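J.: All chains should be built: construct the whole structure from the sequences, respecting the hints.
Letter by letter, the chains look like this.
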Amino acid sequence: MKLRVIRTMALKEWKETTRDRPFLLLAFLLPVLWLTVFGYGLVLDVENIPFAVVDRDHSAMSREYIYRFIQSRYFSFRGYAADEHALDRLLTETKIRAALVVPERFEEQLAAGEPVAVQTLLDGTFPLHTDIAKGYVIAINQAFTEERLIDYIRRYRGLTYEQASRIVRPLAVEVRYLYNEEVRSAWSMVPGLLMFTMMLASSLLTALGVVREKETGSIYNIYSSTVSRAEFLSGKLLPYVAISMINVCVLWLMAVTMFHVPFKGSFLFFFSASILFILCTTGIGLLISLLVQTQMAALIITMVVAMIPTILFSGLLVPVASLSQGAQVQAHLLPAMYYTNIVRGSFLKGVGADVLWSDLLALALFAAAMSAVTYQLFSKRPKT
Amino acid sequence: MTDGSETKRLPHVARWGRRLAAMTWKEVLQLSRDLPLLLFLLYSFSIAVFVSGVGITMQLRNANLLVHDADHSQSSRELIHRFQAPYFHFSGEISDARQALRELDRGRAMLLLDIPPRFHEALVSGERTAVQLLVDTSNAPQGFSAAGYSVRIAGAFGAQIGLASIGLSGNAKQSLPIIESAHRVWFNPNQDETWFQSMSNVLRMITLFGVLLPAAALVREKERGTIEQLLVSPLSPFQIMFSKILAMAGIILIATCLAVYGVLQPVFHVPMKGADGLFFALTALHIFTTAGLGLVAATVARNQAQVGMMTLFLVGPMMLLSGITSPFESMPEWVQTVMTFSPLKYYIDVTYGVMLKGAGLDVLWKPAGAMLFLGGTLFLFGMWRFRRQFE
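Those protein sequences? They're chains Z and X, same order as listed. 384 is the number that the numbering used here gives the last residue of the first sequence; the numbers go up by one with no jumps. 391 is the number that the numbering used here gives the last residue of the second sequence; the numbers go up by one with no jumps.
Note that these hints are calculated values from the structure, not bench results. It should be emphasised that the depicted structure is a prediction, and the values quoted were computed from it without experimental measurement. Glycine included, each C-beta is placed from N, C-alpha and C at the ideal position. Mixed in with the good hints there might be a few duds.
[Claimed, not checked] List of simulated lysine-lysine pairs, DSSO-like, C-alpha gap at most 27 Å:
(1) Lys-12(Z) / Lys-214(Z)
(2) Lys-222(X) / Lys-214(Z)
(3) Lys-273(X) / Lys-95(Z)
(4) Lys-15(Z) / Lys-264(Z)
(5) Lys-15(Z) / Lys-214(Z)
(6) Lys-12(Z) / Lys-380(Z)
(7) Lys-222(X) / Lys-95(Z)
(8) Lys-273(X) / Lys-12(Z)
(9) Lys-134(Z) / Lys-26(X)
(10) Lys-26(X) / Lys-214(Z)
(11) Lys-15(Z) / Lys-222(X)
[Unchecked claim] If you anchor each label on the Cβ, the simulated ranges turn out as follows:
(12) Leu-25(Z) / Leu-42(X): 33 to 39 Å
(13) Leu-365(Z) / Ile-254(X): 50 to 56 Å
(14) Leu-25(Z) / Phe-90(X): 48 to 54 Å
(15) Gln-71(Z) / Arg-98(X): 37 to 43 Å
T.: Take a look at the structure:
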């Protein structure tokens, strides 16, 4: 491997890239625009669930009860419905996602100290949102029940409010949120999105590198030249690694200054882990580029390989611990999960190599494996 | 008789149709000779759908819970016991709180429940007491959800003990003014998340391929210069563009059939409550719309590298913001406005509406109309740009 040859190869690739102005613009613009759009726009908290109510009781207490839902920020009230048939239609047309049916004698039964069943109808098409909505309903019911109980005990046992509430609520939970004390979605999302953006953008950058030369035929210049395989491949990678590293720095700056995400870890550690990750993602792009014959195939395969597992199996949205066995295996085979740990750890937890060494090692192994495989696969004497 | 004279005798419409068919066939052949791409298409609509169906749940599952129990009493044990699967996974007791923090740092545990000494004593003597819960919120929604469950569990536990202390029991059929939550979940009664995840992966794939395949096919002709040959042939720009959409839409539709009848229905038992025909007709409309988006990008781009970056730029936000990965109703106003231009947003309503809710066109005419309008506009705009570039 001669450094001079690598430099020449890299320079050639760099010029090819930089002279394609729209491509160059997109290469730098895409990550920035994505982080802006997703950082401000991607909300994962389930709020404003549209719901309707059938009130069969029309009492002061049923109105008070329903008001709890109306004023909650988790629900968005869409009006009263006449009966369950009307709810049926509203649910099918997706005008509402939840409905509440307050039965007759709601007030009467509660005042007499009898249990009342309140029916909730939920749209089950999005199971996660259904689950969360159910949780909100239960929480509101629990709070309302506690008040009724306190009331009831006071009246029948002749206790003060203080005593009664101690009986109903003897146990409190003091919750302390770690790493993201105010539970801001943006704080946990922006570092994750940094990973998502780099995973996609940098692998797509390299995906066309070799296959473009194959398709246009300019690869024959390489086949007949004295450039060795390793020199050719490293020359191909270098410009894209450089572009990606600039992007990482820009995204890091955006996260810290625009989104005010605290960066508690060490920059040196984060930076070196990022280089390893970039080597992995550009390696994936290069590998696909070597395996296919057309740019079209390279584009699509890279996008599917980079996008779908990164959304699903990287810990970006779902913690890896709650994936099934098979999906966990897939998560461990790709670099995205390790880098997610490193990014979140560096930003929010402020941990470094002492805790995250295994993730760093995994990235290094993956990068090494990628280089070895691409080196083996690339041949200057292709069979076809 | 030569072929040429035969063609001349055909009426104009039939000749037009035959040319379109020939171009469409050319696209199909070209695609079918790209073996890696074909294999990948097959994989994306079969194995990938299966893996996402069995692999993922976004609901809180197996949140690793560490416990620091300084009391070791009957009550503390009972409370710990209530943190159950599938939401929580008890990953052991720990004697030192500082060591627990390290485990949280490492990401090996998500929650730490800290039970104080004299917990049992305080509870039975009617004093107020508290347990501490440390939650890792580096993944905010999950952490928040776990905290919510924990507070509910502890609240119910406390109320039960408190009421028992004055001779009332929440469990027995004793009469207490309690609101019981009776839930009925519609359209997916078991809240089977495999349905949702596998279906949404099919939607992702259709959209991704729908944008990228026609776009790349058109740019490829531009990049290689073969477009010049097509332009001097007796083909109209409409025929050149539309044949690409027809070929790609046909292939994606076949792949969708494979996903629906090969994976969704036999493996996951996803119902098809509405009409099959309606679903596939609207799927074709969705592909047409996304293809329109791709063609517009293709008229802007000069080579495939550019079109790749451009589609990535368009498809990324569509995937994350249209409503399959995140709740649409809680999005900021401006995102909802921008996403009215995303065909995927309407197609989500259509798919879940037809498959799970059994809705027909009487309910779905709005999203279907929006898709038609969006697709038509994009296609016309793409045509206009295409003509302007070459005439």
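J.: None of the hints should be skipped; say for each whether it holds.
T.: Hints versus structure:
Note on Lys-12(Z) and Lys-214(Z): the hinted pairing holds, with a Cα-Cα distance of about 16 Å set against a maximum of 27 Å. About 17 Å separates the Cα atoms of Lys-222(X) and Lys-214(Z), which keeps this hinted pair within 27 Å; it holds. The hinted pair formed by Lys-273(X) and Lys-95(Z) meets the criterion: a straight-line CA distance of about 19 Å does not exceed 27 Å. Annotation: proposed proximity of Lys-15(Z) to Lys-264(Z) is violated, straight-line Cα distance about 38 Å (limit 27 Å).
Of the supplied pair hints, the one linking Lys-15(Z) and Lys-214(Z) holds, its CA atoms being roughly 18 Å apart against a limit of 27 Å. The hinted pair formed by Lys-12(Z) and Lys-380(Z) meets the criterion: a straight-line CA distance of about 19 Å does not exceed 27 Å. Restraint check for Lys-222(X) and Lys-95(Z): not satisfied, since their Cα atoms lie roughly 46 Å apart, outside the 27 Å limit. Taking the CA atoms of Lys-273(X) and Lys-12(Z), the gap is about 58 Å. The hint is violated against a cut of 27 Å.
For the hint linking Lys-134(Z) to Lys-26(X), the alpha-carbon distance of about 53 Å lies beyond 27 Å, and the restraint is violated. With a C-alpha separation of about 22 Å, the suggested pair Lys-26(X) and Lys-214(Z) falls inside the 27 Å cut-off, and the hint holds. Annotation: proposed proximity of Lys-15(Z) to Lys-222(X) holds, straight-line Cα distance about 22 Å (limit 27 Å). Range check, Leu-25(Z) to Leu-42(X): Cβ separation about 35 Å, and the 33 to 39 Å hint holds.
Range check, Leu-365(Z) to Ile-254(X): about 40 Å between beta-carbon atoms, so the 50 to 56 Å window is missed. Between Leu-25(Z) and Phe-90(X) the beta carbons are some 53 Å apart, a value that agrees with the proposed interval 48 to 54 Å. Between Gln-71(Z) and Arg-98(X) the C-beta distance comes to about 42 Å, which sits within the given range of 37 to 43 Å.
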